[in-house]
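Residues per chain are reported as follows:
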Amino acid sequence: MATAAFETPTLKSYPVIPPVQAGAMSHLKPFVASGPIQTALGFPGELVDDWQDKAIAKMGELLGKYRSLQVYMDACVHCGACSDKCHYFLGTGDPKNMPVARQDLMRKVYRRYFTFAGKHFPKLVGAVELTRDVLDDWYSYYHQCSECRRCSVFCPYGIDTAEVTMAAREIMDSIGMGQKYANEIIGKVHRIGNNLGIPGPALENTLEGLEEDTKEDTGLDIKFPLDIKGAEVLLITPSADFFSEPHVESLIGYAKVFHAAGISWTLSSHASEAGNFGMFIGNYEQMRNISMRVREAAQELGVKRIVVGECGHAWRVAYSFWNTLIGPFDYLDPRYPVPQHICEVTDDLIQRGALQFDKDANDDRIITFHDSCNVARASRMGNLPGGQFVIPRRIITSVANHFHDMAPQTIHEGTFCCGGGGGLLTDDLMELRVKGALPRMEALKDVVDDHGVNFMATICAICKAQFTKVLPYYGFNMSMVGGVHQLVSKAIRLGEK
Amino acid sequence: MTLLTIFYTALFYFATGVFVIGLALKIRSYARTPAPLKIATTPAPVTPAGVGWRMAREVVFFESLFKSSKWTWIFGWAFHVALLLVVLRHLRYFQQPVWLPVVLIQPFGTYAGFALVAALGGLWARRWLVDRVRYISTPSDHLMLALLLAIGLSGMAMRFVTHTDIVAVKAFMLGLMRFDWKPLPADPVLLVHLALVALLMIIFPISKLLHAPGLFFSPTRNQTDNAREVRHVSAWAAALEKRP
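Residue numbers (numbering that gives the first Met the number 0), protein chains in the order written: chain A, 0 to 496; chain B, 0 to 243.
Hints were generated in silico from the structure; no laboratory data involved.
We put the CB at the ideal spot given by N, CA and C, even for glycine.
One thing to keep in mind: the hints can contain errors.
BS3-like, lysine-lysine: derived pairs with alpha carbons at most 27 Å apart [stated by the list, open to error]:
| hint | chain 1 | residue 1 | chain 2 | residue 2 |
| --- | --- | --- | --- | --- |
| 1 | A | K214 | A | K11 |
| 2 | A | K358 | A | K444 |
| 3 | B | K169 | A | K107 |
| 4 | A | K187 | A | K468 |
| 5 | A | K57 | B | K241 |
| 6 | A | K228 | A | K187 |
| 7 | B | K241 | A | K444 |
| 8 | A | K57 | B | K25 |
| 9 | A | K228 | A | K214 |
| 10 | A | K53 | A | K122 |
| 11 | A | K122 | B | K25 |
| 12 | A | K11 | A | K468 |
| 13 | A | K107 | A | K57 |
| 14 | A | K118 | A | K107 |
| 15 | A | K179 | A | K468 |
| 16 | A | K11 | B | K69 |
| 17 | B | K241 | A | K187 |
| 18 | A | K11 | A | K53 |
| 19 | A | K118 | B | K69 |
| 20 | B | K241 | A | K303 |
| 21 | A | K53 | B | K66 |
| 22 | A | K11 | B | K25 |
| 23 | A | K118 | A | K57 |
| 24 | A | K57 | A | K122 |
Simulated DEER-style distance windows between Cβ atoms [to be verified]:
| hint | chain 1 | residue 1 | chain 2 | residue 2 | range |
| --- | --- | --- | --- | --- | --- |
| 25 | A | E128 | B | A167 | 47 to 57 Å |
| 26 | B | W235 | A | D332 | 30 to 40 Å |
| 27 | B | L198 | A | R131 | 43 to 53 Å |
| 28 | B | S28 | A | G261 | 49 to 59 Å |
| 29 | B | R230 | A | A353 | 28 to 38 Å |
| 30 | B | I73 | A | P35 | 53 to 63 Å |
| 31 | B | P182 | A | F115 | 26 to 36 Å |
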């Protein structure tokens with residue numbers, strides 16, 4: 000089922016809205032979490048007997064806890080503004096991947112149990128009971144949403160399907176129908192401290208190895224410090240940065256920036272993960288508990304600043320939610336925003352003239368930039384709205400000579416998800432990931448054809464992993480994707496200032 | 000006093016009651032439900048004044064819809080502006096003397112009737128012609144358009160085809176407001192028009208017409224982007240912090 004063959008969509012030279020193909024993706028659902036994975040997070044191990052009542056009760060609870068959900072269940076007028084905005088719809092043609100239809104999977108149940116019209120005239124307003132078929136649809140299609148919020152940009156009422164998806168996943172978790180990939184990872188964070196499940200000693204080894212490699216490359220003692228008390232900066236970065244390609248290249252970039260600027264910094268073995276899959280499953284307490292490790296590490300190490308590495312959803316949680324979840328940050332240096340994005344740090348140093356670059360070092364690359372959804376539509380960098388678009392591009396153009404943006408409707412707030420966000424970066428959803436990448440691949444192909452672009456920079460660990468896997472399906476080289484600090488790393492001048 | 004007048008008098012009190020109380024209850028529930036996290040769709044304004052401006056652009060110009068689909072925007076925006084003008088024009092039935100702005104708007108309100116009907120036609124056509132919109136349309140979506148269209152057409156019929164006794168209608172409406180009830184003319188077109196308007200008021204708080212108050216409570220649109228500067232904690236989230 001999950002690994003069945005599928006056809007990679009062909010890239011067209013201009014975007015085409017596909018005709019509706021009902022049921023095109025109904026076969027696809029991710030593996031269900033096993034009992035031990037579920038119970039480790041405090042969720043029921045399997046679908047509970049009275050799941051229907053429990054689910055409705057949970058929905059009622061969430062409607063009372065989240066204004067977003069309550070308003071978004073009521074406000075939709077079925078105008079269709081969002082219907083051609085989701086990359087999963089554009090890539091699959093399955094109408095239930097239209098944001099409005101995805102929301103309606105919950106809205107029609109909401110109407111049946113919580114509204115006058117749905118209780119008394121269900122057929123008229125399209126209200127249905129929460130049957131097993133409906134639940135299966137939920138499981139399938141609420142795991143075909145990457146919570147990228149592109150639909151919320153275009154909705155006249157700002158309805159954010161991510162909020163609905165999160166609520167649906169939270170309800171399903173509460174009745175014992177969790178998703179294996181996300182919940183297994185959350186368990187690892189609680190047990191070990193990061194998504195990859197790298198224990199402290201292994202992390203230490205890796206960082207020592209990186210120091211040796213970097214010394215070989217540069218001849219300089221560039222440190223990758225771990226658990227250093229009294230460091231100025233605590234760097235919280237996605238654990239993929241420690242082990243995965245191309246992620247690690249950006250980690251080396253951060254280290255070089257700190258080295259060149261003379262900023263003392265440290266990683267933490269306790270909080271060795273920026274990612275926070277608690278957000279993906281819409282569970283406030285999970286999200287808070289995962290975040291709490293950062294606060295504990297910051298206080299334990301006595302740092303003055305917290306900086307976050309290249310990771311999209313992590314930056315959303317850090318920027319938008321940390322102050323709520325684990326604030327106040329009154330124990331940190333008030334002269335810096337908390338948290339700071341590594342791009343803000345680097346950009347600020349560049350603007351102040353504290354870093355020098357050999358831009359020619361990146362001359363073999365013709366670069367474009369993929370705005371990651373959570374950075375673009377759910378956070379900010381710098382002082383001005385839209386700084387999240389300006390700052391990474393300003394870094395790129397400071398460290399490289401050749402840069403071309405993709406089509407305007409596919410970048411900035413209109414950016415397309417890589418296709419692997421929101422807890423979908425798992426092999427059992429590969430068909431969805433490939434098809435969902437279609438709009439981005441088409442935009443990329445345009446700049447490849449027109450400008451010879453051969454490198455797509457991004458600042459998200461999931462984007463990097465997803466593109467590495469998906470680019471070859473569309474005939475691109477997997478090494479076309481990499482981090483912004485990978486470019487910084489290549490061009491930065493060290494030690495000869 | 001005829002049975003008809005009694006019926007319509009009662010209907011309008013009932014409809015007004017449902018509309019006002021139903022809407023007030025909904026607004027109260029929106030206002031009371033916390034928004035525990037900062038979820039503004041960014042780039043978002045960094046000041047409350049900026050949020051006011053963003054909201055004003057949404058309410059007045061339908062900015063997000065404009066970004067999304069020009070056809071839906073043209074029909075949707077034209078419909079709402081026309082409806083506003085038509086409603087303003089109708090204020091003359093509820094005041095004596097009539098405000099000057101309402102007097103001045105009369106001719107515009109008349110033409111707005113055509114725009115209203117045309118825009119509704121466009122919106123309805125989309126429900127049939129665009130396969131995506133057809134897929135998501137429920138019977139109530141079609142009936143809502145039919146209801147609005149019937150109100151518009153019956154109103155225009157009285158203005159352009161078969162005039163009704165508007166002096167008597169005005170007396171009836173003022174009577175409702177002053178609790179000094181007056182007879183309603185037994186003109187079938189008028190009766191249809193008024194009954195449908197009453198129906199619209201009654202279904203307002205239990206239908207998708209809640210998009211009107213909903214927009215103002217939408218966290219993605221009404222939140223300030225100041226998460227790092229100002230700590231935002233809802234009551235139930237704060238309770239979590241007290242636990243060990």
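Here's how the hints hold up against the structure:
no.	hint	result
1	A:K214 with A:K11	45 Å, violated
2	A:K358 with A:K444	25 Å, holds
3	B:K169 with A:K107	42 Å, violated
4	A:K187 with A:K468	23 Å, holds
5	A:K57 with B:K241	23 Å, holds
6	A:K228 with A:K187	25 Å, holds
7	B:K241 with A:K444	53 Å, violated
8	A:K57 with B:K25	20 Å, holds
9	A:K228 with A:K214	24 Å, holds
10	A:K53 with A:K122	24 Å, holds
11	A:K122 with B:K25	23 Å, holds
12	A:K11 with A:K468	21 Å, holds
13	A:K107 with A:K57	16 Å, holds
14	A:K118 with A:K107	11 Å, holds
15	A:K179 with A:K468	20 Å, holds
16	A:K11 with B:K69	23 Å, holds
17	B:K241 with A:K187	26 Å, holds
18	A:K11 with A:K53	46 Å, violated
19	A:K118 with B:K69	36 Å, violated
20	B:K241 with A:K303	26 Å, holds
21	A:K53 with B:K66	40 Å, violated
22	A:K11 with B:K25	47 Å, violated
23	A:K118 with A:K57	18 Å, holds
24	A:K57 with A:K122	24 Å, holds
25	A:E128 with B:A167: 47 to 57 Å	49 Å, holds
26	B:W235 with A:D332: 30 to 40 Å	31 Å, holds
27	B:L198 with A:R131: 43 to 53 Å	37 Å, violated
28	B:S28 with A:G261: 49 to 59 Å	55 Å, holds
29	B:R230 with A:A353: 28 to 38 Å	31 Å, holds
30	B:I73 with A:P35: 53 to 63 Å	56 Å, holds
31	B:P182 with A:F115: 26 to 36 Å	33 Å, holds
Violated hints for the displayed structure, listed by number in ascending order: 1, 3, 7, 18, 19, 21, 22 and 27.
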